[in-house]
Amino acid sequence: GENVEQHPSTLSVQEGDSAVIKCTYSDSASNYFPWYKQELGKGPQLIIDIRSNVGEKKDQRIAVTLNKTAKHFSLHITETQPEDSAVYFCAAKSIGGFKTIFGAGTRLFVKA
Amino acid sequence: GAVVSQHPSWVICKSGTSVKIECRSLDFQATTMFWYRQFPKQSLMLMATSNEGSKATYEQGVEKDKFLINHASLTLSTLTVTSAHPEDSSFYICSAPDTYTDTQYFGPGTRLTVL
Numbered sequence: 587g588e589n590v591e592q593h594p595s596t597l598s599v600q601e602g603d604s605a606v607i608k609c610t611y612s613d614s615a616s617n618y619f620p621w622y623k624q625e626l627g628k629g630p631q632l633i634i635d636i637r638s639n640v641g642e643k644k645d646q647r648i649a650v651t652l653n654k655t656a657k658h659f660s661l662h663i664t665e666t667q668p669e670d671s672a673v674y675f676c677a678a679k680s681i682g683g684f685k686t687i688f689g690a691g692t693r694l695f696v697k698a
Numbered sequence: 466g467a468v469v470s471q472h473p474s475w476v477i478c479k480s481g482t483s484v485k486i487e488c489r490s491l492d493f494q495a496t497t498m499f500w501y502r503q504f505p506k507q508s509l510m511l512m513a514t515s516n517e518g519s520k521a522t523y524e525q526g527v528e529k530d531k532f533l534i535n536h537a538s539l540t541l542s543t544l545t546v547t548s549a550h551p552e553d554s555s556f557y558i559c560s561a562p563d564t565y566t567d568t569q570y571f572g573p574g575t576r577l578t579v580l
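In order, the protein sequences belong to chains A and B. Be aware that the first sequence starts at 587, since it is given in our numbering, and climbs by one per residue. Be aware that the second sequence starts at 466, since it is given in our numbering, and climbs by one per residue.
To be clear, the hints were calculated from the coordinates, so they are not data collected in a lab. For clarity, every value in this text was computed on a predicted model and none was experimentally measured. Hints are not guaranteed to be accurate.
[To be verified] Using C-beta positions, here's what the derived DEER-type ranges look like:
| # | chain 1 | residue 1 | chain 2 | residue 2 | range |
| --- | --- | --- | --- | --- | --- |
| 1 | A | Glu642 | B | Thr566 | 18 to 26 Å |
| 2 | B | Thr564 | A | Glu665 | 18 to 26 Å |
| 3 | A | Arg637 | B | Pro551 | 21 to 29 Å |
| 4 | B | Lys529 | A | Asp613 | 24 to 32 Å |
| 5 | A | Val640 | B | Lys529 | 33 to 41 Å |
| 6 | A | Ala690 | B | Val527 | 28 to 36 Å |
| 7 | B | Ser519 | A | Val640 | 18 to 26 Å |
| 8 | B | Leu539 | A | Asp613 | 25 to 33 Å |
| 9 | A | Ser595 | B | Glu528 | 27 to 35 Å |
| 10 | B | Lys520 | A | Gln631 | 26 to 34 Å |
| 11 | B | Gln507 | A | His658 | 35 to 43 Å |
| 12 | A | Gln646 | B | Val468 | 18 to 26 Å |
| 13 | A | Ser604 | B | Leu491 | 30 to 38 Å |
[Unchecked claim] For the chain A half of the interface with chain B, some residues (derived, Cβ under 8 Å), not all of them:
| # | residue |
| --- | --- |
| 14 | Tyr618 |
| 15 | Pro620 |
| 16 | Lys628 |
| 17 | Leu632 |
| 18 | Asp635 |
| 19 | Lys679 |
| 20 | Ile681 |
| 21 | Lys685 |
| 22 | Gly691 |
| 23 | Phe695 |
Every residue, glycine too, gets a C-beta built ideally from N, C-alpha and C.
Sequences and hints are given; from them, build the entire structure.
As structure tokens, this is what we get:
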């Protein structure tokens, strides 16, 4: 069935460094890829998304890249800050499709 | 972005009782809502899809008689955990998709503790 794999499961970086989280998906019909940030005890919050007609999208310190041929997409956080510490989930969905498939999550620790 | 609310944010109940959790889309209509369960340090597990005006669709392994879902209006879905037991203790999160953008928005979650 449809699957989204996410790596790494845990990532620890020093404040100011960059963090990269990578995901791969199996369903070639997927064309919408959102990223969510979940802080402890809260629901996931959408932080950025990308659609298949775009290869890269940036929003301040956050960027997402998509390689449809390889079925890879990645989240890049630059100049990390302690408040970036959270669990990040990637996801994939086909436009008009029924379900969003989530990755297993990456626990990011930003050390001050 | 769109706002989804959940109530209550946390609940503690005795074993054998039933608990109702509400999920509301505050600024958009949602014909479909999703209910997830999340154990500590784990990913989101889809339990069921709530459909306005019709029966919910449950994922494999989820007991429909234990987790009752009602989607009575375009802005409200409820999940009732019936005859709750300690193993039902978990973080329950709902979400609703914005049909125009296909973006899924999550509620803040409900922490259920069954004693």
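Structure-based check of all given hints:
no., hint, in the structure
1, A/Glu642 to B/Thr566: 18 to 26 Å, "holds, 19 Å"
2, B/Thr564 to A/Glu665: 18 to 26 Å, "violated, 36 Å"
3, A/Arg637 to B/Pro551: 21 to 29 Å, "violated, 43 Å"
4, B/Lys529 to A/Asp613: 24 to 32 Å, "holds, 26 Å"
5, A/Val640 to B/Lys529: 33 to 41 Å, "holds, 40 Å"
6, A/Ala690 to B/Val527: 28 to 36 Å, "violated, 19 Å"
7, B/Ser519 to A/Val640: 18 to 26 Å, "violated, 35 Å"
8, B/Leu539 to A/Asp613: 25 to 33 Å, "holds, 29 Å"
9, A/Ser595 to B/Glu528: 27 to 35 Å, "holds, 29 Å"
10, B/Lys520 to A/Gln631: 26 to 34 Å, "holds, 30 Å"
11, B/Gln507 to A/His658: 35 to 43 Å, "violated, 24 Å"
12, A/Gln646 to B/Val468: 18 to 26 Å, "holds, 22 Å"
13, A/Ser604 to B/Leu491: 30 to 38 Å, "holds, 35 Å"
14, Tyr618, "holds, 5 Å"
15, Pro620, "holds, 6 Å"
16, Lys628, "holds, 6 Å"
17, Leu632, "holds, 6 Å"
18, Asp635, "holds, 7 Å"
19, Lys679, "holds, 7 Å"
20, Ile681, "holds, 6 Å"
21, Lys685, "holds, 7 Å"
22, Gly691, "holds, 5 Å"
23, Phe695, "violated, 13 Å"
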